[in-house]
Amino acid sequence: SAVISQKPSRDICQRGTSLTIQCQVDSQVTMMFWYRQQPGQSLTLIATANQGSEATYESGFVIDKFPISRPNLTFSTLTVSNMSPEDSSIYLCSVDTSTHPDTQYFGPGTRLTVL
Amino acid sequence: AQSVTQPDIHITVSEGASLELRCNYSYGATPYLFWYVQSPGQGLQLLLKYFSGDTLVQGIKGFEAEFKRSQSSFNLRKPSVHWSDAAEYFCAVGTGFQKLVFGTGTRLLVSP
Numbered sequence: 005s006a007v008i009s010q011k012p013s014r015d016i017c018q019r020g021t022s023l024t025i026q027c028q029v030d031s032q033v034t035m036m037f038w039y040r041q042q043p044g045q046s047l048t049l050i051a052t053a054n055q056g057s058e059a060t061y062e063s064g065f066v067i068d069k070f071p072i073s074r075p076n077l078t079f080s081t082l083t084v085s086n087m088s089p090e091d092s093s094i095y096l097c098s099v100d101t102s103t104h105p106d107t108q109y110f111g112p113g114t115r116l117t118v119l
Numbered sequence: 021a022q023s024v025t026q027p028d029i030h031i032t033v034s035e036g037a038s039l040e041l042r043c044n045y046s047y048g049a050t051p052y053l054f055w056y057v058q059s060p061g062q063g064l065q066l067l068l069k070y071f072s073g074d075t076l077v078q079g080i081k082g083f084e085a086e087f088k089r090s091q092s093s094f095n096l097r098k099p100s101v102h103w104s105d106a107a108e109y110f111c112a113v114g115t116g117f118q119k120l121v122f123g124t125g126t127r128l129l130v131s132p
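From first to last, the protein sequence lines stand for chains A and B.
With my numbering as the guide, the letters of the first sequence map in order to residues 5 to 119.
With my numbering as the guide, the letters of the second sequence map in order to residues 21 to 132.
Here chain A stands alone, though its shape is the one from the complex (with noise of 0.2 Å):
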């Protein structure tokens, strides 16, 4: 397995304005993920970020509202730019450790609220 911290854990935000959030992980991975979680939802994937290449974004996401940079095999941030209310969400950070396909680990998540 593997430890994840995020943050900000939680934050409340001002319509128009954009939060960083960080994912750290205590080991080097190659793949880490960014999803979504909104009020009383499922989790839906925003998109795949491995080191050194560009992020991949699902169907729905683009990189002008979420930009992700993974500047290191430890180490991701996802922006939320120019916040609506209808981003108010929890944002988690996984990554897959490789050592059992598709296992996934979880970080605490970020929850998000946009006045």
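Be aware that a few hints might be false.
[Stated by the list, open to error] Derived Cβ-Cβ restraints for the label pairs, each shown as a range:
| # | chain 1 | residue 1 | chain 2 | residue 2 | range |
| --- | --- | --- | --- | --- | --- |
| 1 | B | F117 | A | S85 | 42 to 48 Å |
| 2 | B | P132 | A | P89 | 35 to 41 Å |
| 3 | A | D15 | B | L129 | 28 to 34 Å |
[As the list claims (entries may be wrong)] Here are a few chain B residues that face chain A, going by a calculated C-beta distance under 10 Å:
| # | residue |
| --- | --- |
| 4 | S38 |
| 5 | N44 |
| 6 | Y45 |
| 7 | G48 |
| 8 | A49 |
| 9 | Y52 |
| 10 | F54 |
| 11 | Q58 |
| 12 | V113 |
| 13 | G114 |
| 14 | T115 |
| 15 | F117 |
| 16 | Q118 |
| 17 | L129 |
[Said to hold, decoys possible] Selected chain B positions facing chain A (in silico; Cβ < 7 Å):
| # | residue |
| --- | --- |
| 18 | P60 |
| 19 | L64 |
| 20 | P99 |
| 21 | T124 |
Bear in mind the hints are in silico, worked out from the structure with no lab data behind them.
The C-beta atom is built at its ideal place from N, Cα and C for all residues, glycine as well.
Based on the hints, put chain B in the right spot on chain A.
Chain B alone, transformed into the frame defined by chain A:
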């Protein structure tokens, strides 16, 4: 495309009673299957996973799940529920391409 159905949105179980949470998947080949638990205000914790072999898999916290290919199911069970098991439970399917598809979740309530 693969999909996961968790037909029960909420389930209430008395403390000490047995539990079964249902999960059905849709995928053409043998899937990789997972159960995660999310406690209030927390991230997701992996309970157990199935890749191949024995269709009954054991996980953490006393949970087990059984893969039934003929029913496309991967139901989660626990013989005796504790109040601390109250949480949201998510079933997920992977296809070996590093992507997981999650079900909509089942919220477990435990009554005294």
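Verification of the supplied hints:
no.: 1; hint: B/F117 with A/S85: 42 to 48 Å; in the structure: violated (28 Å)
no.: 2; hint: B/P132 with A/P89: 35 to 41 Å; in the structure: holds (38 Å)
no.: 3; hint: A/D15 with B/L129: 28 to 34 Å; in the structure: holds (29 Å)
no.: 4; hint: S38; in the structure: violated (25 Å)
no.: 5; hint: N44; in the structure: violated (15 Å)
no.: 6; hint: Y45; in the structure: violated (13 Å)
no.: 7; hint: G48; in the structure: violated (16 Å)
no.: 8; hint: A49; in the structure: violated (12 Å)
no.: 9; hint: Y52; in the structure: holds (5 Å)
no.: 10; hint: F54; in the structure: holds (7 Å)
no.: 11; hint: Q58; in the structure: holds (9 Å)
no.: 12; hint: V113; in the structure: holds (9 Å)
no.: 13; hint: G114; in the structure: holds (3 Å)
no.: 14; hint: T115; in the structure: holds (7 Å)
no.: 15; hint: F117; in the structure: holds (8 Å)
no.: 16; hint: Q118; in the structure: holds (6 Å)
no.: 17; hint: L129; in the structure: violated (15 Å)
no.: 18; hint: P60; in the structure: violated (11 Å)
no.: 19; hint: L64; in the structure: holds (4 Å)
no.: 20; hint: P99; in the structure: violated (25 Å)
no.: 21; hint: T124; in the structure: holds (5 Å)
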